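Quick note, the sequences are listed as chains Z and D, same order. Heads up: the first sequence begins at 3 in the working numbering, then just goes up one per residue. Heads up: the second sequence begins at 107 in the working numbering, then just goes up one per residue.
By construction, these hints were calculated from the structure, which means they are not laboratory data. On a predicted model such as this, the values are computed, not experimentally measured, just so you know. Just so it is clear, CB atoms sit at the ideal spot from N, CA and C, and this is done for glycine as well. Each hint should be verified, as a subset may be incorrect.
To be verified - Some chain Z residues judged to face chain D by a derived CB distance under 10 Å, without partners named:
#1 Asp-9
#2 Val-12
#3 Gly-19
#4 Tyr-148
As the list claims (entries may be wrong) - Partner residues aside, some chain D positions facing chain Z, computed with beta carbon under 10 Å:
#5 Arg-156
#6 Leu-205
#7 Ile-263
#8 Ala-269
#9 Val-303
#10 Asp-304
#11 Asp-308
#12 Val-313
#13 Leu-354
#14 Ala-355
#15 Leu-357
#16 Ala-358
#17 Leu-359
#18 Phe-361
To be verified - Chain D regions said to be covered by chain Z (calculated; three or more residues, Cβ under 8 Å):
#19 272-278
#20 281-287
#21 328-340
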Amino acid sequence: MNRSTIDLWVGLFVAAGFGALLFLALKVGNLATFTTNESYQVQAKFANIGGLKIRAPVKSAGVVVGRVAGIHFDTETYEAIVTMYVDGRYKFPRDTSAKVLTSGLLGEQYVGLEAGGDGMMLKNGDRLRLTQSAVVLENLIGQFLYNKAAEGAEGKDKK
Amino acid sequence: MVESIVRGFFERVGRGVTARMWQLGYGARFLFYLVLHSGTALRRFRITLREVYYAGVLSLVIILVSGLFVGMVLGLQGYETLQRFGASESLGVLVALSLVRELGPVVAGLLFASRAGSAITAEIGLMKATEQISAMEMMAVDPIARVVAPRFWGGVISMPLLAALFSAMGIFGGYIVGVELIGIDRGAFWSQMQAAVDVREDILNGVIKSVVFGLAVSWIAVFEGYDAAPTAEGVSRATTRTVVTSSLAILALDFVLTALMFTGGNAR
């Protein structure tokens with residue numbers, strides 16, 4: 003048996019295997035770029051976070067700028083505290099507002115940041131003051147029905 | 107009459123359980139000894155390389171072809187369901203996640219067990235039946251260090267690489283069906299996949315799975331071969347046992363690993 007051919011085949015096999023792993027990591031998994039970068043932590047309180055999950059993206063103007071790191075419940079105010087890591091490359095003013103938004107009609111939920119006009123920038127550990135909760139579909143439908151009913155009642159009164 | 111049937115049944119069950127336990131203990135001791143004495147296999151790496159060739163390189167064709175077809179089937183089936191919800195662009199996510207998390211390691215493991223595991227068992231069993239193992243002992247060559255350990259490590263090295271190739275090939279198959287044949291947007295296919303697949307959570311966990319399956323299959327294969335009765339019938343039985351036991355072990359381990367890996371994040 004010729005040994006050198008076996009070595010060649012094994013070498014090719016191992017190279018192909020590592021190539022496949024690299025393909026999976028880079029092309030399929032898109033090796034998360036900003037876990038290695040400096041990031042800072044911000045907190046925000048929401049009355050309702052809907053279906054927000056840990057590791058959900060934090061976006062500003064549609065660009066992913068960070069990730070949700072933790073979700074806790076505050077027993078004093080009965081609100082949700084969302085901790086997120088924002089990429090250190092992106093600085094936001096201190097009066098930035100946070101919203102829980104949904105991508106698409108049935109898509110996943112994410113935190114949307116909208117920059118304010120303050121000259122001071124957010125620091126590690128800061129808390130966002132202006133927040134807007136997730137839209138809960140049931141509440142929305144309830145409100146709509148209530149408004150419709152109220153309109154109907156007004157219309158009757160006028161007649 | 108009834109009493110003897112009942113007693114016979116319990117006797118058989120008891121004997122079976124005792125035999126299994128005995129074999130499990132022997133197998134564990136065998137693994138421990140094997141790891142302790144694999145110095146030779148790793149120092150004279152060429153012997154192990156030869157086994158990587160037999161277990162890995164020769165399994166390439168079946169792994170690549172099945173990976174391609176599994177990916178293509180996933181592409182077709184996934185498209186059928188996803189397009190009902192107008193989410194056909196998520197086909198890349200579906201194909202990539204199911205391959206990387208589950209199908210890659212599991213199906214590659216099953217194929218590896220039946221293609222390479224059975225060959226390892228048959229080879230070692232035949233060496234035992236033709237008294238080559240005893241001859242080695244006679245010459246003061248440790249058969250576990252010289253014969254068993256290289257095959258074990260060859261399998262352990264090959265399996266994760268084969269699983270990665272299977273997954274990559276499957277994603278390629280899904281790409282062919284989804285993008286080239288059905289006509290999903292190429293950019294959406296890849297970008298949604300990249301957004302949804304996490305390197306640590308999905309890919310690394312898949313690799314860990316394939317390493318564990320590789321260890322399990324290689325261990326079962328070399329042990330069954332070494333433990334085989336030194337007859338033609340014994341070797342054939344051992345080969346069958348290797349395939350059955352390692353398939354069951356892969357599926358059971360897969361459940362345990364999945365429960366450990368993919369529920370921790372959501373439970374918080």
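Now the hints, each set against the structure:
1. At about 6 Å, the closest approach between the beta carbon of Z/Asp-9 and any beta carbon in chain D falls short of 10 Å, and the interface hint on this residue holds.
2. This hint holds: Z/Val-12 has a C-beta 5 Å from the nearest C-beta of chain D, less than the 10 Å allowed.
3. Checking Z/Gly-19 against chain D: minimum C-beta separation of about 3 Å stays under 10 Å; hint holds.
4. With its C-beta approaching chain D no nearer than about 31 Å, Z/Tyr-148 sits outside the 10 Å limit, and its interface hint is violated.
5. With a least beta-carbon distance of about 6 Å to chain Z, the hint placing D/Arg-156 at the interface is held under the 10 Å criterion.
6. A distance limit of 10 Å between C-beta atoms decides the matter here; for D/Leu-205 the minimum to chain Z is near 9 Å, and the interface restraint holds.
7. Hint status for D/Ile-263: holds, given a least beta-carbon distance of 8 Å to chain Z, under 10 Å.
8. Because the smallest distance between the Cβ of D/Ala-269 and any Cβ of chain Z comes to about 9 Å, under 10 Å, the interface hint for this residue holds.
9. For the restraint placing D/Val-303 at the interface with chain Z, the shortest Cβ-Cβ distance is roughly 5 Å, inside the 10 Å limit, so the hint holds.
10. Because the smallest distance between the Cβ of D/Asp-304 and any Cβ of chain Z comes to about 6 Å, under 10 Å, the interface hint for this residue holds.
11. Taking 10 Å as the C-beta cut-off, the interface hint given for D/Asp-308 holds, the closest approach to chain Z being about 7 Å.
12. The criterion of a C-beta within 10 Å of any C-beta in chain Z is met by D/Val-313, whose closest approach is roughly 7 Å, and the hint holds.
13. Annotation: D/Leu-354 was flagged as interfacial toward chain Z, and the flag is violated, the nearest CB pair being 26 Å apart, outside 10 Å.
14. Hint status for D/Ala-355 relative to chain Z: violated, with the closest Cβ pair at about 22 Å, above 10 Å.
15. Here the hint on D/Leu-357 is broken, as its CB sits about 23 Å from the closest CB of chain Z, past 10 Å.
16. A cut of 10 Å between beta carbons decides the hint on D/Ala-358: the least distance to chain Z is about 25 Å, and the hint is violated.
17. Interface restraint check: D/Leu-359 against chain Z, minimum CB-CB distance 21 Å, threshold 10 Å, status violated.
18. Residue-level restraint check for D/Phe-361 is violated (minimum Cβ-Cβ distance to chain Z is 23 Å; threshold 10 Å).
19. Proximity of the region 272-278 of chain D to chain Z, defined as three or more residues with a beta carbon under 8 Å from a beta carbon of that chain, is established by the 4 residues found.
20. Given a C-beta distance limit of less than 8 Å, the hint that chain Z covers the region 281-287 of chain D is violated, as 0 residues qualify and 3 are needed.
21. Here the region 328-340 of chain D counts 0 residues with a CB under 8 Å from a CB of chain Z, which misses the bar of 3, and the coverage is violated.
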